[in-house]
Amino acid sequence: MEIKDLKILLKDIVRELEKEVPYASAFAGSVTGRGIRVGTYEQNVSFQSPAKGVTLTAFTGSFFIEQSTNILTEESIRKCAAELLNTCRKEGIDKSAGLTPDPGEPCEKDFYGPLEIDPFSLKLEDLVEEARKKSESLKAMNEKIVNMMVNYRHEYRDELFVNRNKTLFQRLNTWTTVYYAILQDKGKNMPVYSGDSRLGGYELADSDPEEFQRTLQDGLHLLHAGRITPGTYDCIFSPELSGMFAHEAFGHGTETDMFLKERAKGAHYLNKKVAATAVQMFDNPSYEGISGSFFFDHEGKLSENTQIIKDGILVSGLTDLNSAMRLKMKRTPNGRRESYSHKAYARMTNTYFQAGHDTLEEMIKDIKHGFLVDHPTNGMEDPKGWGIQLEAMYAREIKDGKLTDNYFTPIIVTGYVPDLLNSITMIGDTLKISGLGMCGKGWKEWVKVTDGGPYLRLKARLA
Amino acid sequence: MKKMIISLLEAHKEIGSWNLTVNREERDELYLIFDTVEQKRRIEEVLYHIEILVHKEKEKEGKRFTGSSSFQALPGESESALQRKIDDAVTAASLALNPFYDYDEFVPAKEKAEICDPLIRSDRARAMDEMKEKIFDIMKANPDVRLASSEIFLTCIRQERFNSKGLSHTSDKSEALLEAVFLTGEGEDEVESVLTREERFIKNIDLEKVMQKYIGFARDNLTAKLPKTGKYDVIFTEEALDNFFDFYISQLNASMKYNKMSVFSPGETIADEFSGDRLTLSFNPHIPGGYRSMDYDHYGTLTRKTEVIENGIVKGFSADRKYATYLNMPCTGSPGNTEVKTGSRSFKDLETEGTYVLSRFSTFTPNALTGAFSGEIRNGYVVKNGKRVPVKGGSVTGMMKEAMSRVFFSSEEVLRRSYKGPEYIKVLNVDIAGE
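Protein sequences, first through last, are from chains S and F.
In the numbering used here, each number is its position in the first sequence, counted from 1, plus 40.
In the numbering used here, each number is its position in the second sequence, counted from 1, plus 32.
Keep in mind the hints are simulated off the structure, nothing from the lab.
The C-beta atom is built at its ideal place from N, Cα and C for all residues, glycine as well.
Don't take every hint at face value.
[Unchecked claim] In silico PhoX-like cross-links for lysine-lysine, where the CA-CA straight-line distance does not exceed 25 Å: (1) S:K59 with F:K72; (2) F:K452 with S:K484; (3) F:K235 with S:K135; (4) S:K499 with F:K452; (5) S:K163 with F:K117; (6) F:K72 with S:K51; (7) F:K347 with S:K484; (8) S:K130 with F:K166; (9) F:K292 with S:K173; (10) S:K173 with F:K95; (11) S:K163 with F:K90.
[As the list claims (entries may be wrong)] Beyond 10 Å from chain S on every Cβ pair, some chain F residues (computed): (12) K45; (13) A124; (14) D155; (15) I170; (16) H330.
[Stated by the list, open to error] The calculated label-pair distances, taken between Cβ atoms and stated as ranges, are: (17) S:R267 with F:K34: 13 to 21 Å; (18) S:G227 with F:D204: 31 to 39 Å; (19) F:P140 with S:K484: 35 to 43 Å; (20) F:E143 with S:K59: 33 to 41 Å; (21) F:K380 with S:G482: 32 to 40 Å; (22) S:L367 with F:P140: 54 to 62 Å; (23) F:N55 with S:R267: 37 to 45 Å; (24) S:Q347 with F:K164: 36 to 44 Å.
Could you build the full structure based on these sequences and the hints that come with them?
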């Protein structure tokens, strides 16, 4: 049974459940896709794990109970509903408890993401051959590349959300291209990669070759680069690193399920200054074409832009249904699941600092000694302590207003988030959003996100 | 459905070999915010994982090639839908040919990996209640600390394995996941510590001991200060152990060697010089309760313990059937749990004046290709005038090759997840960035 075909059945099940429980909903999801990986020594074509199933949700008046199955027959789904209702009865249903999840405004709609060339309409052998030629041509760029891997991945996700007011369906196509090279010299490895992931199809297959060239040149500098002397420096964060900073520093810290758990310092700073006045930050799942975007979240809230920081002031959190209900906050479209079989949490989507007015040249020219830090690889949140950890591939030294050829690798940025945010003195004039990232809640619950920003000039501790 | 799948696979003329794994998973999840239930969940899932191998002979080159492709089938899929999936997989495999390899002939397992908690298998509801009650009892005994949130996931998976070489094997495995967040302090000075443990057996989580430890970490964070910047001796323990040897686990996997991503060869030393203990590292797929314990690997090869580093010298690689064929090296099956030989010094001997003992990091995952490691310090202490002074913040950085040249392993041993080895690993002269 296809996900879209479940509308009537799930609507009926929700109606039946709500004869006894104050609120019920259903979410069904599936993924269909292929991955092509061609490297110098081996190649592979794989099919995306379908992650296809249904989750039924009931609110007892006190808490939520969910039951999931991947056996998509009417008999099995109704059995799942019956078991869910039994569990609710055992736990106790109390409609007078005073808590009511907001079902939202009535809406019945199907949404389709952008798609110009459907990859499934293309011959697989042509895609494989294209990847092979690309791998060969990129490897030829430098003799130090010992393995050149070209990865193409395309998928479409079907998602259906049903509650008493809503029947929403979306199909989101995503194309991902990654060029991944291993440089090797005198017994040392240096991996480099570039690429992007966006909503759309084969029309997105060609990743910017100049970007790979730049990445390759950086990698060659890094092969024998040393470690930086730990210290606090004048820094310029690249747009990609600024994006990760936005995500880790204030994205996670404003997920309001953390407010419920008293795990977010941000809860005490709503409507207070947390950053330099010029700083504006957003979370926006309605941003067209980028891979963290969607039409509705997994709890039925339609997409819209949320401003998190306005003129340096923290103005909003990112909610899921449960935390919005309990905290009596305005809902935002941030209730997201890793897949149908996972719980929905308050999660980011596309999170970014807005661009300002300064050019990179202006930022560099009055730095006596500092670093341009680029190519983020990993980050971790600390919403309670407002600590930050960002890892980047390299820092490039700036001396007397000029970029030098001194590179240091790898780099870890640590510090106290308000100190970093308040030290921002210049904000670049161009926004760039990177598409390759995933986000975990701690070490699980992985969802697709993007993050971005302009160049940022600030002070940071590097090691 | 599995009979239908096997029948379709066996009938397909272009399939040289095939592998079918059927996973029936049942999972119960409990989510608490403080002492109130936020959500309860139950998941039941059946999945069929299929891998097929297509063997081709290219007459011109006089060589044989193999293409592989894998996909999943869902319960209730029709025969025609399955046939389409198989046909697509054969097409895909035929387009991505690599040098020839095939699965091993089936060999019955003499040992059986113990990887299923009997209570998770028989009565997850009771196991969940017992864990919850124990957690609440421990919290009652620590009134200055609050349990902000906890998540308990208990999973039982029945796995059936079949392949074209005669493999027919059934096993049960369990997963017990606990995530708990502890808060202590007042107002804006309130601090937390976050516990995440995932084991096959509930008893391996050792609830009482691990919760007291993390409650202690939360209390330490009330007074913890930034470490001083400089080079210090550092003892890595607790969470740092989970990924500490990732560099060697990756580099000594034959797939990395084949793809020219490994810088090691047998007979080479892992460091230029040694001023401490020398690493002996094995992969052991037969540790009871080990997270990577298994009877057969993904290709159906019978697994065995493999020593890859002995006294600081590379002995060999772990190699599944594919890469063992490509590199003409012994087939060991996929690597299992990481087992590291303990040292002769106790923790008391290692915990000297001025040493940092670091337990928790934001992340600590040495780079699989370069050996570089770094991590923001979330919990630790420094021994100052004989006292343990808590530290937090700042970072530790280094390179595994240098670390292994001046390392000491404790005599105390621990099993956590897929690591069995020294509970404390002391590395001399490590860079710390802080104050």
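Each hint, compared with the structure:
With a C-alpha separation of about 20 Å, the suggested pair S:K59 and F:K72 falls inside the 25 Å cut-off, and the hint holds. Straight-line distance between C-alpha atoms of F:K452 and S:K484 comes to about 23 Å, which keeps the hinted pair within the 25 Å bound. Between F:K235 and S:K135 the CA atoms are separated by roughly 39 Å; this puts the pair beyond 25 Å, and the hint is violated. With a C-alpha separation of about 41 Å, the suggested pair S:K499 and F:K452 falls outside the 25 Å cut-off, and the hint is violated.
A hinted pair counts as satisfied when its Cα atoms are at most 25 Å apart, and S:K163 with F:K117 qualifies at roughly 16 Å. Taking the CA atoms of F:K72 and S:K51, the gap is near 22 Å; set against the 25 Å cutoff, the hint holds. Under the criterion of a C-alpha separation no larger than 25 Å, the hint pairing F:K347 with S:K484 is inconsistent with the structure, at around 35 Å. Restraint check for S:K130 and F:K166: the C-alpha separation of about 22 Å stays at or below 25 Å, so the hint holds.
Proximity of F:K292 to S:K173 is assessed by CA-CA distance (about 20 Å); at most 25 Å being required, the pair is judged to hold. Only pairs whose Cα atoms come within 25 Å are accepted, and S:K173 paired with F:K95 is accepted, the gap being roughly 22 Å. Only pairs whose Cα atoms come within 25 Å are accepted, and S:K163 paired with F:K90 is accepted, the gap being roughly 22 Å. In this structure F:K45 is separated from chain S by more than 10 Å, as the shortest Cβ-Cβ distance comes to about 20 Å.
Residue placement check: F:A124 does not keep its beta carbon more than 10 Å from all beta carbons of chain S (closest about 4 Å). At roughly 16 Å from the closest C-beta of chain S, the C-beta of F:D155 stays outside 10 Å, upholding its exclusion from the interface. Even its closest Cβ contact with chain S, about 18 Å, leaves F:I170 beyond 10 Å, as expected for a residue assigned away from the interface. Every Cβ of chain S is farther than 10 Å from the Cβ of F:H330; the closest lies at roughly 13 Å, confirming the non-interface assignment.
Separated by about 53 Å at the C-beta atoms, S:R267 and F:K34 break the suggested range of 13 to 21 Å. The hinted window of 31 to 39 Å between S:G227 and F:D204 is violated, with their beta carbons roughly 45 Å apart. Checked against the hint of 35 to 43 Å, the pair F:P140 and S:K484 passes, with Cβ atoms roughly 36 Å apart. The supplied range of 33 to 41 Å is broken by F:E143 and S:K59, whose beta-carbon atoms lie about 54 Å from each other.
Look at F:K380 against S:G482: about 33 Å separates their beta carbons, and that is inside 32 to 40 Å. In this structure the supplied range 54 to 62 Å holds for S:L367 paired with F:P140, their Cβ-Cβ distance being about 58 Å. The hint said 37 to 45 Å for the Cβ distance between F:N55 and S:R267, and at roughly 44 Å that hint holds. Take S:Q347 and F:K164: their Cβ atoms lie about 40 Å apart, and the range 36 to 44 Å holds.
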